[in-house]
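Chains as they are written, first to last, in my numbering: chain L, 1 to 349; chain U, 1 to 250.
Among the hints, erroneous ones may be present.
[Said to hold, decoys possible] Derived CB-CB ranges, DEER-like:
#1 U:A117 / L:T71: 27 to 37 Å
#2 L:T272 / U:G24: 55 to 65 Å
#3 U:L118 / L:L138: 18 to 28 Å
Hints in this document: simulated from the structure, not taken from any laboratory. Even for Gly, the Cβ is constructed at its ideal location relative to N, Cα and C.
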Amino acid sequence: MSSTIPRQTPGRGLRASAPGSPPTTPGEEGSARKRWRAEPPDWFAAVAGSLLVAIALTFLTDSFLTTNNLTNVLAQTAVLTILATGQCFVLLTAGIDLSVSATMAFAGTMLGMLTVTYEWPVLLGLAATFASGLIIGLINGLLVARFALPAFIVTLGGLLVWRGVALQMVGGINTTGLPDFVTWLGQEDVLGVPAPALIALAVVAVSALVVGRTRFGVGLRAIGGSASAAERSGVPVLRYKITAYVVCSLLATLGGIVLVGRLDSAGGSLGTGMELMVISAAAIGGVSLFGGSGSPWGAFFGAILIGMIQNGLNLLGTSAFVQQIATGVILVLAVAVDQGRRRLARRWA
Amino acid sequence: MTAMKIRDDVAVVELREVTKRYGGITAVDGVSFTVPPRSIVALVGDNGAGKSTVSKIIAGAVHPEEGEVLVNGEVRKSIDPTEVRRSGIEVVYQDLALAPNLDVATNLFLGRERVRALGWLDRSGMRREARELLSQLDVYVPSLSTKVERLSGGQRQAIAIARATHWAQSLVVMDEPTAALGLRETRKVEDLMATLRDRGLSVLVVSHNLDQVFRLSDRILVMRRGALVSQFETAKTSSEEVVATITGVM
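Starting from the given sequences, assemble the full structure and let the hints guide the process.
Spelled out as structure tokens, the structure:
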């Protein structure tokens with residue numbers, strides 16, 4: 001069809017000849033500024049918040065704005081970033097995965113047990129760990145998508161089960177002395193940047209491309225917007241939903257591997273309660289908990305904001321309790337800012 | 001629409017003695033009719049007459065217990081919506097089946113996105129095609145990047161119809177396409193239906209609006225209590241006759 005139609009020159013836009021339509025023809029897609037105002041990126045609040053916190057901490061402390069400290073922040077938030085990115089896939093479909101930190105602990109424990117206790121070669125241990133992460137994701141995905149159980153319940157169950165399995169496997173005792181390759185992943189610098197930070201950035205960048213530029217990504221957002229519309233439009237809803245949970249579990253597994261490498265310690269109590277931080281990071285980054293909108297970059301900026309606040313409060317010498325309070329306040333604030341921004345944008349549009 | 005599947009000598013869709021029951025209720029009772037190529041066929045009847053069930057059977061969303069559905073002269077075996085779409089039939093659902101959170105261009109290609117090497121979306125290609133499509137159909141939207149949830153009811157309807165037009169190869173089924181629209185928007189949708197016929201497609205429209213049916217259709221099918229009670233050539237009947245058939249006075 002398109003071959004018979006003369007190409008329209010860019011900038012002429014759509015013809016405004018329908019009855020009732022405004023007499024003016026808008027520009028191609030409106031100016032960049034107009035588009036920004038009509039639809040600011042989801043991660044807007046998180047980036048603005050991160051900048052504000054960074055500026056504040058620069059003035060409040062001597063040590064915040066040092067290369068050493070900033071790379072430290074990146075390294076410390078790497079695991080949170082990886083998990084929040086995985087969570088983003090599930091949240092886009094209007095699902096939720098509360099089992100990520102348990103999956104992470106299970107994966108870390110598995111790797112420690114296989115490579116240290118049973119002395120498996122490290123690559124074989126990693127492969128088996130990823131395979132177990134894949135199975136956890138498949139179980140979550142099948143129960144939610146195929147058997148239509150509520151994601152909240154399925155993954156809440158998973159939270160209890162996988163952490164329990166991890167603790168049971170090693171009898172509650174942590175394994176140390178992980179293979180060099182694993183500790184390298186968690187601790188070494190590459191060109192001055194910590195390896196965990198590089199892994200996290202790679203995960204975010206690839207995920208952002210997958211979400212933004214592939215049929216799978218479009219399908220995930222469509223499912224979050226209206227699963228029945230997506231189904232009737234030919235989106236393979238079942239397959240995509242299951243894949244989202246698998247991606248989330250695999251990234252939780254990767255997070256677990258990086259974390260045990262960082263700590264050189266693997267056990268069932270790794271990252272207890274971290275699932276709430278993960279979901280907070282995604283929400284702060286503008287990933288909608290109702291599905292359909294958000295991006296891995298949002299999850300990244302959300303994680304960075306949380307990391308900077310924790311780092312800043314550490315530098316200021318406040319207690320861990322204050323950090324928890326601050327993170328909670330930021331979470332509610334970020335979501336409120338985001339909602340307000342959307343409402344304003346709607347009024348302007 | 002690149003590979004037209006229309007043959008002038010074969011009905012785009014034909015129902016033969018199709019029956020669908022829900023529990024003890026017979027929603028569609030031995031219905032037979034054909035939709036000829038390049039025609040607008042209106043399906044009318046009172047509430048509960050079985051019109052929507054018939055459109056759902058054609059769409060592949062509902063499976064009849066008895067009878068067969070022929071598409072382009074061949075008995076349809078598979079009955080799933082994806083297969084139906086592949087056979088060249090598009091459906092404009094009453095709720096439109098658009099993803100409200102996605103923009104216009106994305107919705108036009110939803111489930112059928114064009115990809116380049118490595119599976120990357122061909123976004124510029126799709127936008128170009130979307131722009132051409134909307135301009136051909138004289139459909140106005142503020143921008144291809146506007147989210148569907150920001151559009152008016154009429155604009156959404158137009159997007160759903162444009163999508164169906166773009167992908168249909170023989171038939172577009174519309175279930176009450178103007179029920180929720182104002183006068184001007186209704187006229188726009190009617191223009192679109194006429195455009196479809198001009199392009200060689202057929203339209204099966206379920207409608208309550210008899211004025212509209214008479215303005216647009218070539219043929220009128222009247223259903224009552226699940227059965228097809230009459231078929232009229234629109235040019236050879238009157239609205240009195242059709243109304244009488246709908247209500248069962250005649």
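So which hints don't hold here, by number, going up?
none
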